[in-house]
Amino acid sequence: MMRLTTKQTTLLVLALLIAATPFFFPSAFYFRVGSLLFVNGVAVLGIVILTGFAGQISLGHAGFAGIGAYASALAPVHLGLHPAFAALLGAALSAAIAYGVGRPILRLKGYYLAVASLGFGILVSMVLSNEAWLTGGPDGIAVADLGLRQALGALGLKLSAPEFWYFFCGLCLLIGAWLALNLYDSPTGRALRALHGSEIAASTVGVDVARLKLQAFVISAVFASVSGSLLALQNKFITPDVAGYMHSIELVTMAVLGGAGSVLGAILGAGILTLLPQVLTVFAEYEQVMLGLVMMLVMIFLREGLLPSLLRQFTGRGA
Amino acid sequence: MSLLSVEGLGIAFGGLKAVDNVSFSVNPGEIVSVIGPNGAGKTTLFNMISGVYMPKSGKVKLSGEEVTGFSPHLLARRGMSRTFQNLQIFQNMTVLENAIAGFHLREKGSVFADLLGLPASRRRSRKAQAGARELLARVGLANAAELEAGNLSYGALKRLEIARALALDTKVLLLDEPAAGCNAVETEEIDHLIAEVAASGVAILLVEHDMKMVMRISNHIVVLDHGVKIAEGDPATVARNPDVVAAYLGTQAQEASHAHG
Amino acid sequence: MLTVEGLRSRYGRIEALHGIDLHIDSGEIVTIVGANGAGKTTLLRCLSGLQPISAGQIIFRGEALATTPAYKRLKRGLAQSPEGRQIFTNLTVEENLRLGAFLFTDDRVDRDMENAFQMFPILKEKRNLAAGGLSGGQQQMLAIARALMGRPSCLLLDEPSMGLAPILVQQIFDVVKSMRDLKVTVLLVEQNAFGALSVADRGYVMETGKITMEGPASDLLADPRIREAYLGI
Amino acid sequence: MPELMQFLLSGLTVGAVYALVALGFTIIYNASDVVNFAQGEFVMLGGMITVFAFDAGLPLPLAALIAIALTAAIGVALNKLAIEPARGAPVVSLIIITIGASIFIRGVTQLVFDKQLHRFPAFTGDEPIKILAATILPQSLWVIAGAVVVFVGLWLFFTRTLTGKAVLATSNNRLAAQLVGINTNWVMTLSFALSAAIGALAGVLVTPITLTSYDLGIALALKGFAAAMLGGMGNPKGALVGGILLGLFEALTAGFISSQYKDAVAFVVILAVLFAMPQGLFGRNSVNRV
Amino acid sequence: EIKIGATVSATGPASFLGDPEAKTLEMLVEEINAAGGVNGEPLKLVLYDDGGDPNKARTFATRLVEDDEVVAIIGGTTTGTTMSIIPVAEDSEVPFISLAGAIEIIDPVKHWVFKTPHTDRMACQKIFENMKKNAITKIGVISGTDGFGASMHKQCVAVAGDYGIEIAADETYGLQDADMTPQLTNIKGTAGVQAVLNAGFGQGPSIVTRNYSQLAVGLPLYQSHGVASDGFIELAGAKAAEGVRLPGTALLVAGLLADGDPQKSVVMAYKTAYEKKTGSAVSTFGGYAHDALRILVDSIGRAGSAEPEAIRDAIESTSGLVGTTGVVTMKADDHLGLDLSAFRMLEIKNGGWTIIE
Ligand SMILES: Nc1ncnc2c1ncn2[C@@H]1O[C@H](COP(=O)(O)OP(=O)(O)OP(=O)(O)O)[C@@H](O)[C@H]1O
Ligand SMILES: Nc1ncnc2c1ncn2[C@@H]1O[C@H](COP(=O)(O)OP(=O)(O)OP(=O)(O)O)[C@@H](O)[C@H]1O
Ligand SMILES: CC(C)C[C@H](N)C(=O)O
Ligand SMILES: [Mg+2]
Ligand SMILES: [Mg+2]
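The listed protein sequences derive, respectively, from chains A, B, C, D and E.
Just so you know, we're using our numbering here: the first sequence kicks off at 1 and counts up by one.
Just so you know, we're using our numbering here: the second sequence kicks off at 1 and counts up by one.
Just so you know, we're using our numbering here: the third sequence kicks off at 1 and counts up by one.
Just so you know, we're using our numbering here: the fourth sequence kicks off at 1 and counts up by one.
Just so you know, we're using our numbering here: the fifth sequence kicks off at 1 and counts up by one.
Please keep in mind that the hints were generated in silico from the structure rather than gathered at the bench.
We treat Cβ as the ideally placed atom computed from N, Cα and C, and that holds for glycine.
Errors might be hidden in some of the hints.
No more than 27 Å apart at the CA atoms, straight line, and that leaves these computed lysine-lysine pairs for DSS-like [stated by the list, open to error]: (1) E:K239 - D:K130; (2) B:K56 - A:K109; (3) E:K132 - E:K349; (4) C:K177 - C:K75; (5) B:K56 - B:K171; (6) C:K75 - B:K17; (7) A:K7 - B:K127; (8) B:K17 - B:K59; (9) E:K23 - E:K44; (10) B:K59 - B:K127; (11) C:K72 - D:K237; (12) E:K264 - E:K277; (13) B:K229 - B:K59; (14) E:K132 - E:K239; (15) A:K109 - D:K130; (16) E:K3 - E:K331; (17) C:K75 - D:K80; (18) B:K229 - C:K177.
Covered stretches of chain B (chain D as the covering partner; in silico rule of three or more C-beta atoms under 8 Å from a C-beta of chain D) [as the list claims (entries may be wrong)]: (19) 42-56; (20) 158-166.
The following label-pair restraints were derived from C-beta to C-beta distances [what the hints assert, rightly or not]: (21) B:N21 - C:R76: 47 to 53 Å; (22) D:L111 - E:A269: 53 to 59 Å; (23) B:L118 - A:G153: 56 to 62 Å; (24) D:I131 - A:V279: 51 to 57 Å; (25) D:L175 - A:V279: 36 to 42 Å; (26) B:L118 - E:E93: 46 to 52 Å; (27) A:A15 - C:A64: 35 to 41 Å; (28) D:L65 - E:E93: 56 to 62 Å; (29) E:S305 - A:D145: 56 to 62 Å; (30) B:G15 - D:I131: 57 to 63 Å.
When you get a sec, could you build the whole thing from the sequences and use the hints?
Quick look at the structure:
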């Protein structure tokens, strides 16, 4: 077919945006904001898979971001691992923990699942802030340098730190989006969306509902973990806030705001909630008021989330 | 050997024995209908056979192997599929995707292949899609393939469920009121479809209140009342059974069934 | 009693009703038959105010209903037993019925409930159980009984016989007939066209969002086109 | 064991606070399946408005009444301006609206009032009451009594009144609710008013104990939510029992095991309970036949 | 025009620290500009609210240096936010004066990083000195699990031995907890405890104090400098707070300072101006911001230039600058410039502060 598939279009749009916007950046600060957006985007993609596709709500995903972040901080110090491998270790650890935790809690539905996952997230952030001997406590801990920037520099590709993290996180986001889009239209993705619609019907067509939910949970935990690692590595410093429930709620909000079922939409949501505080600082003490207002207005007028609602307006059907 | 057999199946809700000691069997290519008044326990029987409810007593056997209380996806793997009296549609998906979901067991592979979009995964998806389109055509929904399933009318949804249930390599098909919400002509189309499926060697268990249809296509009829089997036999015998007439058919319907029996 | 003129309605961009005209006189029983997706349910949803209309008029007892919100239409006398039954699954059978008479607090509520129980004794047996546990047919009975609890002067029934055992199908049509004595107007949407046309005074045939035929029920019942397309005879 | 008694009294105090917040969740949830994330802000408003009205010289009871009435009005406004216009939106979208509302209310509060901590005097003094070698503050008794009264009120509302049933019907099936003549918009408005008033009442009762500030709502809402889920969402009995149990777990853990991990232990207990009873202690298993 | 940047936690869990900090900075910059600015140039303050989120703080710090191109940064209301700003300041070589407590901020010394509040370790030392004087050797500690509480707890544990003090009971509470009687009951029940120390800020210490009185523990109660504000007495209730001791700054007892006290005029001036401007009582925390800005302005003045490097050097050579916390004299190996004498041991008597040394 000559026509691009939705997947190809989405990836192309995303890649173009990541590559082209730096030309319009007035200062290096924008690279920082961009890279934060991408970091959040990676975590939100996990929410898209878990919540948008499979319909399972988690209010504890920041817990996995915390695991990824602290693995990146601690493994180099205590295990002598290179930070990159530490991040991978974090992802593996998150996957393993998600597997263990997911089994019991995914039997719960709706708000009960939400509160159970919330409990998990709080548990993680408590351990991170109470076990100060290991984690540095509530005030956080320093993180080793990834070293990739220097390596690239040696190869002749000289980037400032914000630039490097912008492109590196952008690349990670692109890969994440590619994976999520692959999943959407695959047998597994369809089965996930099916069990979202009706668990009983899904199981009568042969979907192993428990197992599939667990898979989605594990995959989304890995996304969150990678996001946490990226944040820790680029900040070179991390505090337990990364695992806090506010962050979990923020991730879900990003996904829903942009359109939880849509990959590009959720990234858009991450973008809005990342950029908004930067834009709204001009309102000084009115910042919170504006933030709350924007969130409400988006959801009132674009009730299925920004992107799906807009697409529906333009094409008469959903994304 | 019968494909599906049920032995002494029973379940209770609170104090109510919704199904009590029911036994029967279905052979390949055979259409067995379960009829009975509202609340007789037909749907509950289906729910036990298909693994939605755990029976309190009795056995379900598939090709001689006991599968009592197996979860639905395990039964699906053994060739059982069903439709629902209360529609269970994947509302958030298109009509086509609903039908493709029916092919889940055939199209699924490893998650990693799916995540990476490996050619094998895409190939399986394409195959399932082709199969799904064929099925949609068979139930008359070819034109609706790209619509969101939530946009279909009731009768269309009913047929979509049938398509989805047919997608698997079904050996045993459970249909719970497939013709509800369809008019006489539409019902007849469904009739043909069911007969065709049965002819291909599938064992069909049917619940339906449309007596014309039941009398026309059943090889064997089981009558439930208050959870208990009160009669069984071929359509003509059952239709004449005074208990069945009194509890279920009523006089008018009996006339109708004679007219076509 | 009820007049519909040029009624159009759409789901998003797709129009489901392309200008429906029909009228029902007081005390009449009128049926609508039509294939799956013809728009019967959509029409009833419009009449009850559950579905926005994009053009046309609904005049009920001399008043235009277009802007009347759904919940006020029962007060005007318009009740519906909807497609898919739409019972309150988490509430008990009795609570469902009581809510059917939400607008009333007089003694008649209890009497009406007794009547409902008489009509469908199984509901009395299950009065204190969650309605979600009822069998399909039992839920259908509940939906019809609940609509009657609202003391309608015009009753809209969307496939009331669906999922009911033959013996009850007869009974439902008897109930419909009995509405005539109670001076309740009935608009009956049915797939069981034979049964519906047998009790109705007049009938309409609907195809893809339009009325294509109308007339006295007996005429329609005898019409060969109808017999072929809807009765399968 | 005098410690045990003290731990129990502490747990009861804190538990009653959670129970009051959890009770506030029930009405809106029962009307719409929405967990109102701004519920904590209602509690905060109850406290803050009372503080400022009291500081302005009004007698405490009047200040409290004003706070409850104003908060109820804000609840109604929230429904009319944000929830009702979004009618038909998926439940998650509505939840995000309530999160937005909570941020908004917090923002306005810090503008109108300030960002400092506040309290007003306990209703009946600070003289501790001795119970078996342990002590409890009189205000704790007020909170406990408040929780019980609100519980009884809600329980009667949902089981004995037609309006209460109409609320349940609205969330169970909004379409059918309209068909039986229920003005579902009005039900929502009523629910927001009642929930907000209960929240504000909670704020009035607990502020002498917990203090208040513009951002106190988040933590309270979180605990209240957990308590409500433990008991079974939507059931007043669940809210009361869940709240008190949560408070007791925390106090007993802090007393006997580790004060650092008391919240964690509380959550682990919740997980264990949900594992055995996926609908919470008193949550009804909604029957949906297939 | 000289651009200086600030990111403080004007909202979020530390807002009652960050809010007076923000207001103080705005007020002082206005004052300074009205008086002709620094080196004849007006100051421009770019102020961001990080909400107490370290990640946001880092982003705003980046924005301050990269986008706003400020010559120095004040801020980091909490240790967490401060620690995440530090790498930005160090990388982009901009002087940074923190308003947070933990000793890690300046120990080891970081080239570009300074701070104004006493360290938490100093607070512990000051308290222990007083305990020693009162022959207290065995204490119970209860601390908040937040950054401030945990960090101070750690420092107190580290230095307790120096004063011959044994920590016999050790409890914690969460930032938003409503009742601490179980923890206090355990401390009360620990044999031989002679005093209790509470490390924490926010509502926790008020509730601890109230519960302490409810349980009639009857031992001396020490609080940290994290509660040093008039609000504390009001929140805890004068009766419950009676007898509470804590290390505080001159600001809190401005009126009680001896006339010859070098800090008197500075704190009175700040107090009067702040209270007139905002209508609310001064807090110690606003004082930290006051001192930071004073140090910065003084340094820019002495440096005669608004180059970051020059400013940094000038800050490091700050000497005898009178602030609200004390008299500041920085050195290359001391980026705080305060000693224990700058702390005043205060006790609450009859609902007001008194100096007990
Ligand atoms: N989950 C349940 N909870 C409570 N009662 C139930 C449940 N499932 C079934 N029942 C009861 O069991 C009986 C049998 O119901 P079932 O749905 O099997 O009837 P049915 O024969 O399919 O009726 P219909 O023809 O109306 O569909 C009914 O009385 C019903 O109320
Ligand atoms: N929610 C919806 N969104 C979009 N389109 C819809 C929706 N509901 C119905 N439609 C479409 O409107 C048309 C009329 O549907 P309607 O449900 O009114 O038919 P019906 O005559 O009641 O059919 P049935 O006999 O199957 O119940 C159909 O083409 C259907 O696909
Ligand atoms: C009391 C202050 C010294 C607290 C300090 N701002 C901190 O949180 O680290
Ligand atoms: Mg059934
Ligand atoms: Mg219909």
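Status of the hints after comparison with the structure:
1. E:K239 - D:K130: Given that 27 Å is the threshold and the Cα spacing comes to 18 Å, the pair holds.
2. B:K56 - A:K109: holds (25 Å)
3. E:K132 - E:K349: Holds: E:K132 and E:K349 sit about 21 Å apart, inside 27 Å.
4. C:K177 - C:K75: Roughly 23 Å separates the two Cα atoms, so the pair holds.
5. B:K56 - B:K171: holds (25 Å)
6. C:K75 - B:K17: violated (41 Å)
7. A:K7 - B:K127: Cα-Cα ~19 Å, so holds.
8. B:K17 - B:K59: Measuring from Cα to Cα gives roughly 17 Å; hence the hint holds.
9. E:K23 - E:K44: holds (15 Å)
10. B:K59 - B:K127: violated (36 Å)
11. C:K72 - D:K237: violated (34 Å)
12. E:K264 - E:K277: holds (20 Å)
13. B:K229 - B:K59: The hint holds at about 16 Å.
14. E:K132 - E:K239: Distance ~26 Å between E:K132 and E:K239 Cα, so the pair holds.
15. A:K109 - D:K130: Distance of about 44 Å is beyond 27 Å: violated.
16. E:K3 - E:K331: It holds: about 25 Å lies between the C-alpha atoms, which stays within 27 Å.
17. C:K75 - D:K80: holds (24 Å)
18. B:K229 - C:K177: With a Cα-Cα distance of about 34 Å, the restraint between B:K229 and C:K177 is violated, given a limit of 27 Å.
19. 42-56: With 3 residues in contact (Cβ-Cβ under 8 Å with chain D), the coverage given for the segment 42-56 of chain B holds.
20. 158-166: Answer violated; 0 residues pass the 8 Å Cβ test.
21. B:N21 - C:R76: 47 to 53 Å: holds (52 Å)
22. D:L111 - E:A269: 53 to 59 Å: violated (28 Å)
23. B:L118 - A:G153: 56 to 62 Å: Since B:L118 and A:G153 have Cβ atoms about 35 Å apart, the given range 56 to 62 Å is violated.
24. D:I131 - A:V279: 51 to 57 Å: Because 55 Å falls inside the window, the suggested range holds.
25. D:L175 - A:V279: 36 to 42 Å: Taking Cβ atoms as reference, D:L175 and A:V279 lie about 40 Å apart, which means the hint holds.
26. B:L118 - E:E93: 46 to 52 Å: holds (49 Å)
27. A:A15 - C:A64: 35 to 41 Å: This hint is violated: roughly 56 Å between Cβ atoms.
28. D:L65 - E:E93: 56 to 62 Å: holds (59 Å)
29. E:S305 - A:D145: 56 to 62 Å: Distance hint for E:S305, A:D145 is violated at roughly 32 Å.
30. B:G15 - D:I131: 57 to 63 Å: About 45 Å separates the Cβ atoms of B:G15 and D:I131, which means 57 to 63 Å is violated.
Checked against the numbered hints above, the structure violates hints 6, 10, 11, 15, 18, 20, 22, 23, 27, 29 and 30; every other hint is satisfied.
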